[in-house]
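Novice: Chain residues, written in single-letter form:
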Amino acid sequence: MSERNNIDIDYVANLARLELTADEKAKFSGQLEDILKYFDKLNTIDVSGEEPMAHPFPVFNVLGEDKPSATLSQEDALANAPKQRNQQLVVPKVVE
Amino acid sequence: MSDEIYYKTATELRSLLDEKQISSVELIQAVIDRTHAVDSKINAYLDTNENQALAMAQASDERRASGQTRGPLDGIPVSVKDLIVEKGKKARCASRILENFTSPYDATAIINLHNAGAIPWGRVNMDEFAMGSSTETSYFKKTVNPWDLERIPGGSSGGSAACVAAGETILSLGSDTGGSIRQPAALCGVIGMKPTYGTVSRHGLIAFASSLDQIGPFSRCVEDSAMLFDAISGHDPLDSTSYAGEIPKCADALRTKKGPWKLGIPKEYFPDTLDPEIHAAIKSAIESYREKGCEIVEVELPHTDLAIPVYYIIATAEASSNLSRYDGIRYTHRSDETSNALDIYFKSRGEGFGEEVKRRICLGSFVLSSGYYDAYYLRAQKVRNLIRKDFQEAFKKVDALLTPTSPTPAFKFGERSDDPITMYLSDIFTINVNLAGFPALSLPCGLTSGNLPIGLQIIGQPLKEDDLFAIAHSHEEAHDYCKLHPCI
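Protein chains in written order, with numbering that gives the first Met the number 0: chain C, 0 to 95; chain X, 0 to 487.
It is possible that part of the hints are untrue.
Said to hold, decoys possible - Restricting the straight-line Cα-Cα distance to at most 20 Å, the calculated cross-link-like pairs of lysine to aspartate or glutamate (EDC-like) are: (1) Lys381(X) with Asp45(C); (2) Lys40(C) with Glu336(X); (3) Lys86(X) with Glu98(X); (4) Lys261(X) with Glu286(X); (5) Lys89(X) with Asp45(C); (6) Lys26(C) with Asp373(X); (7) Lys26(C) with Asp417(X); (8) Lys40(C) with Asp304(X); (9) Lys26(C) with Glu294(X); (10) Lys463(X) with Asp251(X); (11) Lys482(X) with Glu98(X); (12) Lys92(C) with Glu290(X); (13) Lys82(C) with Glu290(X); (14) Lys86(X) with Glu49(C); (15) Lys36(C) with Asp479(X); (16) Lys86(X) with Asp45(C); (17) Lys24(C) with Asp418(X); (18) Lys24(C) with Glu355(X); (19) Lys88(X) with Glu61(X); (20) Lys40(C) with Glu276(X); (21) Lys89(X) with Glu49(C); (22) Lys411(X) with Asp238(X); (23) Lys92(C) with Asp335(X); (24) Lys36(C) with Asp418(X); (25) Lys257(X) with Glu476(X); (26) Lys381(X) with Asp75(C); (27) Lys26(C) with Glu355(X); (28) Lys82(C) with Glu276(X); (29) Lys388(X) with Asp65(C); (30) Lys82(C) with Glu355(X); (31) Lys82(C) with Asp335(X); (32) Lys88(X) with Asp45(C); (33) Lys26(C) with Asp326(X); (34) Lys266(X) with Glu286(X); (35) Lys411(X) with Asp147(X); (36) Lys36(C) with Glu355(X); (37) Lys266(X) with Asp238(X); (38) Lys24(C) with Asp373(X); (39) Lys411(X) with Glu294(X).
Hint data in this document are derived by calculation from the structure and do not stem from the laboratory.
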């Protein structure tokens, strides 16, 4: 992993849709590389044949009955919207 | 027993309420007055709802008068970490991005509190999105440790721990992803418990790392935490990871389960770097169990030192995915500086998230990104399995494990802020438990020479919370550490 320890902070921030200041980029690059070096510890053991664990107690196919139930009103659902009009969210134009 | 109403436990208050020596209204008023007197120093609360709480206390008193009390927590105030949502109240996760968010619904844990007659009466501070071990990353304020106002209360549930320690509530609800209940409980000298994964619904718990997060209780005595766990646990169809089987009832078990137990000491949890006063206090707790007839055996958890890298890969990966919902479009802060749709995402998130949250989103996005997934995320999930197997193996021989909760007592503000790895190491004894999904609690077991609390961590078996609480209770009965309060 060590040859991969160079994080392209612009690439990662773009993936995360996150604007970073120049100071943050400089600070994070160094810190994240230190953290990744620390992660290299994981290469010290053999995990071949080991199952990945996604959840402490695996549960599969948790199904609910397909029947309508009470839900939030449109008004309640939109109550926290930063901008709304006619019971809809307002965003900048996305198609020309 | 403390003379001040606000320092009594729910267990003591229940008798006083039943015997009509006090009313719930008087209790709530005492907690409100205490909070007014000390919270300008402690800074635990983000919001309180005093009038609503007094009205709920009035209703509780009426229930009690007519013999319709809802159980042992009826009329008892509970503070709530700012990431468990309550209908009509702000739920900000101590983040600017949710600064104006008011929840349109109640978390299942909150509904359960209401059903038990408990009174959720204030929202308490935390690290932003529960990312931190000191409550310093909150956007709003710095909560201090009631034992030493120059020190951090621990985190991320620092507000919960501090307000319980300072007598600003009787009980509190926090959440624990890597130690966020147990570590602040240890540093503030109170009891904090992380339940078995799946026993308390996560519906309405604002997600950080979904496979690790659990809601749990804070209190000043073991029985109180057991009662609060009994009230909030149970299957919930609204959380697909909720456990559908039977969950033990714990408060009553304290009187029936008396040991002696077989207790394991994992040698990996006593490194040379462990603070010597903490080491001595934990050793003395172990001796006290031995004197009570418990068999003490050394056990091994050989993958312990891999927990921090595994945790910070899995938790940041899950967080980067969970936090993608804060888009500036639907219910969060939206930047005023946007000229197009993409700008809304980039600028709203850039302005809305604090430094630690951004750092973790970047790390999580990186470990999940194309070309790195197998080397980091998948590998971490495999090592996570090894860590769980360590615990399963150890528990073939013992009923519970005894360890320190934190490698150091409360540290000073700013001491670790600029060094993420050192901050992450604050959780070295607690995060394995989350990775494995086991239950654990932290119990006060002494004070350092500098008068700072020390916590004993007791790790139990999944779905055996009754034993876990009983083991803690037997130590509490023999010592006075839980009755110590800070001078504020």
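Novice: Taking the hints in turn, state whether each one holds.
Specialist: Taking the hints in turn, this is what the structure says about them:
{"no.": "1", "hint": "Lys381(X) with Asp45(C)", "result": "10 Å, holds"}
{"no.": "2", "hint": "Lys40(C) with Glu336(X)", "result": "43 Å, violated"}
{"no.": "3", "hint": "Lys86(X) with Glu98(X)", "result": "16 Å, holds"}
{"no.": "4", "hint": "Lys261(X) with Glu286(X)", "result": "13 Å, holds"}
{"no.": "5", "hint": "Lys89(X) with Asp45(C)", "result": "47 Å, violated"}
{"no.": "6", "hint": "Lys26(C) with Asp373(X)", "result": "26 Å, violated"}
{"no.": "7", "hint": "Lys26(C) with Asp417(X)", "result": "10 Å, holds"}
{"no.": "8", "hint": "Lys40(C) with Asp304(X)", "result": "9 Å, holds"}
{"no.": "9", "hint": "Lys26(C) with Glu294(X)", "result": "50 Å, violated"}
{"no.": "10", "hint": "Lys463(X) with Asp251(X)", "result": "14 Å, holds"}
{"no.": "11", "hint": "Lys482(X) with Glu98(X)", "result": "37 Å, violated"}
{"no.": "12", "hint": "Lys92(C) with Glu290(X)", "result": "73 Å, violated"}
{"no.": "13", "hint": "Lys82(C) with Glu290(X)", "result": "65 Å, violated"}
{"no.": "14", "hint": "Lys86(X) with Glu49(C)", "result": "44 Å, violated"}
{"no.": "15", "hint": "Lys36(C) with Asp479(X)", "result": "44 Å, violated"}
{"no.": "16", "hint": "Lys86(X) with Asp45(C)", "result": "48 Å, violated"}
{"no.": "17", "hint": "Lys24(C) with Asp418(X)", "result": "16 Å, holds"}
{"no.": "18", "hint": "Lys24(C) with Glu355(X)", "result": "13 Å, holds"}
{"no.": "19", "hint": "Lys88(X) with Glu61(X)", "result": "25 Å, violated"}
{"no.": "20", "hint": "Lys40(C) with Glu276(X)", "result": "29 Å, violated"}
{"no.": "21", "hint": "Lys89(X) with Glu49(C)", "result": "44 Å, violated"}
{"no.": "22", "hint": "Lys411(X) with Asp238(X)", "result": "38 Å, violated"}
{"no.": "23", "hint": "Lys92(C) with Asp335(X)", "result": "16 Å, holds"}
{"no.": "24", "hint": "Lys36(C) with Asp418(X)", "result": "14 Å, holds"}
{"no.": "25", "hint": "Lys257(X) with Glu476(X)", "result": "11 Å, holds"}
{"no.": "26", "hint": "Lys381(X) with Asp75(C)", "result": "42 Å, violated"}
{"no.": "27", "hint": "Lys26(C) with Glu355(X)", "result": "11 Å, holds"}
{"no.": "28", "hint": "Lys82(C) with Glu276(X)", "result": "55 Å, violated"}
{"no.": "29", "hint": "Lys388(X) with Asp65(C)", "result": "38 Å, violated"}
{"no.": "30", "hint": "Lys82(C) with Glu355(X)", "result": "28 Å, violated"}
{"no.": "31", "hint": "Lys82(C) with Asp335(X)", "result": "11 Å, holds"}
{"no.": "32", "hint": "Lys88(X) with Asp45(C)", "result": "49 Å, violated"}
{"no.": "33", "hint": "Lys26(C) with Asp326(X)", "result": "24 Å, violated"}
{"no.": "34", "hint": "Lys266(X) with Glu286(X)", "result": "16 Å, holds"}
{"no.": "35", "hint": "Lys411(X) with Asp147(X)", "result": "9 Å, holds"}
{"no.": "36", "hint": "Lys36(C) with Glu355(X)", "result": "19 Å, holds"}
{"no.": "37", "hint": "Lys266(X) with Asp238(X)", "result": "36 Å, violated"}
{"no.": "38", "hint": "Lys24(C) with Asp373(X)", "result": "25 Å, violated"}
{"no.": "39", "hint": "Lys411(X) with Glu294(X)", "result": "38 Å, violated"}
Hint check: violations occur at hints 2, 5, 6, 9, 11, 12, 13, 14, 15, 16, 19, 20, 21, 22, 26, 28, 29, 30, 32, 33, 37, 38, 39; the rest are consistent with the structure.
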